[in-house]
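A.B. asks: Read off the chains here:
Number of protein chains: 2
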Amino acid sequence: MSLIVQKYGGTSMGSPERIREVARRVARFVKEGHQVVVVPSAMSGETNRLLALAKELNPDPDPRELDVIASTGEQVSIGLLSLALMNLGVPAKSYTGFQVKILTDDAFTKARILSIDDAAIRKDLAEGKVVVVAGFQGMDAAGNITTLGRGGSDTTGVAIAAALKADECQIYTDVDGVYTTDPRVVPDARRLATITFEEMLELASLGSKVLQIRSVEFAGKYQVKLRVLSSFTDVNSTDMGTLITFEEDQTMEQAIISGIAFNRDEAKITVRGVPDKPGIAFAILGPVADANIDVDMIIQNASLEGLTDFSFTVHRSEFKRALAVLNDVVKPATGAREVVGDDRIAKVSLVGIGMRTHAGIASRMFGTLARENVNIQMISTSEIKTSVVVDEKYMELAVRVLHREFELDKEPAEEKMKA
Amino acid sequence: MSLIVQKYGGTSMGSPERIREVARRVARFVKEGHQVVVVPSAMSGETNRLLALAKELNPDPDPRELDVIASTGEQVSIGLLSLALMNLGVPAKSYTGFQVKILTDDAFTKARILSIDDAAIRKDLAEGKVVVVAGFQGMDAAGNITTLGRGGSDTTGVAIAAALKADECQIYTDVDGVYTTDPRVVPDARRLATITFEEMLELASLGSKVLQIRSVEFAGKYQVKLRVLSSFTDVNSTDMGTLITFEEDQTMEQAIISGIAFNRDEAKITVRGVPDKPGIAFAILGPVADANIDVDMIIQNASLEGLTDFSFTVHRSEFKRALAVLNDVVKPATGAREVVGDDRIAKVSLVGIGMRTHAGIASRMFGTLARENVNIQMISTSEIKTSVVVDEKYMELAVRVLHREFELDKEPAEEKMKA
Chain A
334 MSLIVQKYGG TSMGSPERIR EVARRVARFV KEGHQVVVVP SAMSGETNRL
384 LALAKELNPD PDPRELDVIA STGEQVSIGL LSLALMNLGV PAKSYTGFQV
434 KILTDDAFTK ARILSIDDAA IRKDLAEGKV VVVAGFQGMD AAGNITTLGR
484 GGSDTTGVAI AAALKADECQ IYTDVDGVYT TDPRVVPDAR RLATITFEEM
534 LELASLGSKV LQIRSVEFAG KYQVKLRVLS SFTDVNSTDM GTLITFEEDQ
584 TMEQAIISGI AFNRDEAKIT VRGVPDKPGI AFAILGPVAD ANIDVDMIIQ
634 NASLEGLTDF SFTVHRSEFK RALAVLNDVV KPATGAREVV GDDRIAKVSL
684 VGIGMRTHAG IASRMFGTLA RENVNIQMIS TSEIKTSVVV DEKYMELAVR
734 VLHREFELDK EPAEEKMKA
Chain B
334 MSLIVQKYGG TSMGSPERIR EVARRVARFV KEGHQVVVVP SAMSGETNRL
384 LALAKELNPD PDPRELDVIA STGEQVSIGL LSLALMNLGV PAKSYTGFQV
434 KILTDDAFTK ARILSIDDAA IRKDLAEGKV VVVAGFQGMD AAGNITTLGR
484 GGSDTTGVAI AAALKADECQ IYTDVDGVYT TDPRVVPDAR RLATITFEEM
534 LELASLGSKV LQIRSVEFAG KYQVKLRVLS SFTDVNSTDM GTLITFEEDQ
584 TMEQAIISGI AFNRDEAKIT VRGVPDKPGI AFAILGPVAD ANIDVDMIIQ
634 NASLEGLTDF SFTVHRSEFK RALAVLNDVV KPATGAREVV GDDRIAKVSL
684 VGIGMRTHAG IASRMFGTLA RENVNIQMIS TSEIKTSVVV DEKYMELAVR
734 VLHREFELDK EPAEEKMKA
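Chains A and B, in that order, are what the protein sequence lines are. In terms of the numbering used here, the first sequence opens at residue 334 and continues consecutively. In terms of the numbering used here, the second sequence opens at residue 334 and continues consecutively.
Hints were generated in silico from the structure; no laboratory data involved. Hints may contain errors.
Because identical chains share one entry, a pair is satisfied inside a single copy or across any pair of copies.
As the list claims (entries may be wrong) - Straight-line distance between alpha carbons at most 30 Å, and here's what the computed DSSO-like set of lysine-lysine pairs gives:
1) Lys462 to Lys718
2) Lys434 to Lys462
3) Lys664 to Lys554
4) Lys456 to Lys388
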């Protein structure tokens, strides 16, 4: 008998028929002898509907009241799923965030979980009940309702699995696992049976939107075994999706590269002809940070006659605001020659734990792109990731040729032999 | 400066535009210097939508889970209304039932309020905030979410007014007060400026669905001044609706009759030819009560040759079940000759505190109906009410002629002179 936490996303809970399907799946695990805690999201579309109502009444809504409103979506889901389970003869009981209770800080709309009181859940499980806990929500020390932000139900699932020391946290979604890259771009993309937490973190933050990044961090911190599965397979399917493992668990050889992430979410800005002296990076990025604009990649070119070019990327939605800050504040303050920007770029990243031990990955990547005449505009590397910025029109091409070059369509065993 | 509790019903909260209108009305009272606590219902249609979802997943839904689901409607309303108030520059803060906290018993779907902790509300009011409290919901001692049943937001409003010793509890609805009878049946029906609690209780229980009966009992018990107003009048309207008063408050002469209630909700059953002996009423009604069927009017005819006829009314929806119990259980046990029923009846009731001191009201009622050839099938009287059962096809006629006979279309002053 295992203790399993199952999280179901919004599309899995999208209609009464889908909720019945979730109940049947949970019932199967109960029948197999497992103890199950279920964490459902709001029915798909519900959170957006509620937030649109809020925005209609107040274009600048108070975050505390937003959380009061948004948290109702998951509250409806726990009641409905409990009813569906009981209808199958499975004893079930629902808990809201405050009933558990899931204590968070008071950062409304993006709260962080501080602690979980698992006593009631354990008692119900011992009595043979399925426990259904609302995802996405909690309460702060003052008794206010809080939400964890978009994708927060993943975090709730992992946090409850951690508190209960569950054997596994299963994240059911509308995809059946983590792929080497987006199958819509590369039809040969292959589903990974396992992936490490670190790789998953890089893939999640780079735009593979399978799991919310904070939930992955949480799982890594508390060593929760996380599995991504589809809720759209047959209820009795033995498909096990993708298991997200700790590196320490890995006994078999890893592929060098696990996947390729890409996005068009960023824009590039270059400040040209700034004096190359200490403090210049802060002089440029300080005002940008003050304007609450996040910066991703940063590069500084070699100095030429005491002047240097400084480039960085921001989220595309903040491109114009960033340009304004640079022109209005930074340019006069630093004496920069000009500020230029380009919002038609894409970022393509190779991710793989094997990079740590295998040299030459970056140069093999650059060579592959060069053969296709794809110009690289920026480069940034970390221990398990190499990212390049290219013209957005080359994005799909770059992903496809890199996928082929690193043989991601083949099982890791073959890759290993070649490596 | 007064402390006012305002309750807004589902149609008053029915759309973002309606919610903005409620916010404007609340803002007007704040501007006039009052402290205001607002108790909104769920947006109209929302509770039904949620309950339909629940029923779809479980035809016999667990009441605890029903309450988890149904209570979200009001939770959305408090958040939206708070946002609308803030958008007008009025400081506001929302509270769910458990946040207040409104402690109830654990009778899910029909819980009763046991206590209200008003400390947080008082503190917010003192800080100049409008406090927005979710109607219809509370929590039991174990921390479960409960609801008070249909119309429970009225009860929440009154209970909070009682706890705060508010100057007045204003119930905003889609009618502008309490009428002498339904204006759809009698176009001359007149709105009452005041009505006593006892009359209101009789009118409410007889089907004048302006206020939930439990809220009126609650107001009477805690001496809360209750006022029924329309939320569809202009925001600056000085119309004061109908005030529900305590008899002790009445200085001016009351009309003898305040109103006429009527409904088609009941069915009549007669058990013919039962032995007229002690215990026969219990022998007949005991099995009916055991089947959880409520009985309203009861009459026993004079005995004839040791046999008597015994008639009573039940809710029309339980008519067939009641007939089955009587034929299967009561008839064999008592040796009754036959059981007959009629579900095409209507009940018409005169209600008025003046009946206590004015004789002859009942005979005047019967005479009026006789002149129109309306046959009276059953009669029941209480201190401030006289009810008759008639063929349902005569219901509207009976209400109209009685309304005219007792001059309910005229102001009470004139009525007094005639009486």
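A.B. asks: With identical chains treated as interchangeable, where does the CA-CA distance between Lys456 and Lys388 reach 30 Å or less: within a copy, between copies, both, or neither?
C.D. replies: So Lys456 and Lys388 pass the 30 Å test across copies only (28 Å; inside, 41 Å).
A.B. asks: With identical chains, the pair Lys462 and Lys718 could be close in the same copy or across copies; at 30 Å between alpha carbons, which is it: within, between, both, or neither?
C.D. replies: neither (44 Å within a copy, 52 Å between copies)
A.B. asks: Have a look at Lys434 and Lys462 and pick one of within, between, both or neither, based on CA distance no larger than 30 Å.
C.D. replies: both (18 Å within a copy, 28 Å between copies)
A.B. asks: Between the shortest in-copy and the shortest cross-copy C-alpha distance, which are at most 30 Å for Lys664 and Lys554: within, between, both, or neither?
C.D. replies: Neither. Shortest intra-copy (42 Å) and inter-copy (73 Å) distances fail the 30 Å Cα cut-off.
In the structure shown, a violation is registered for the earlier hints numbered 1 and 3, in ascending order.
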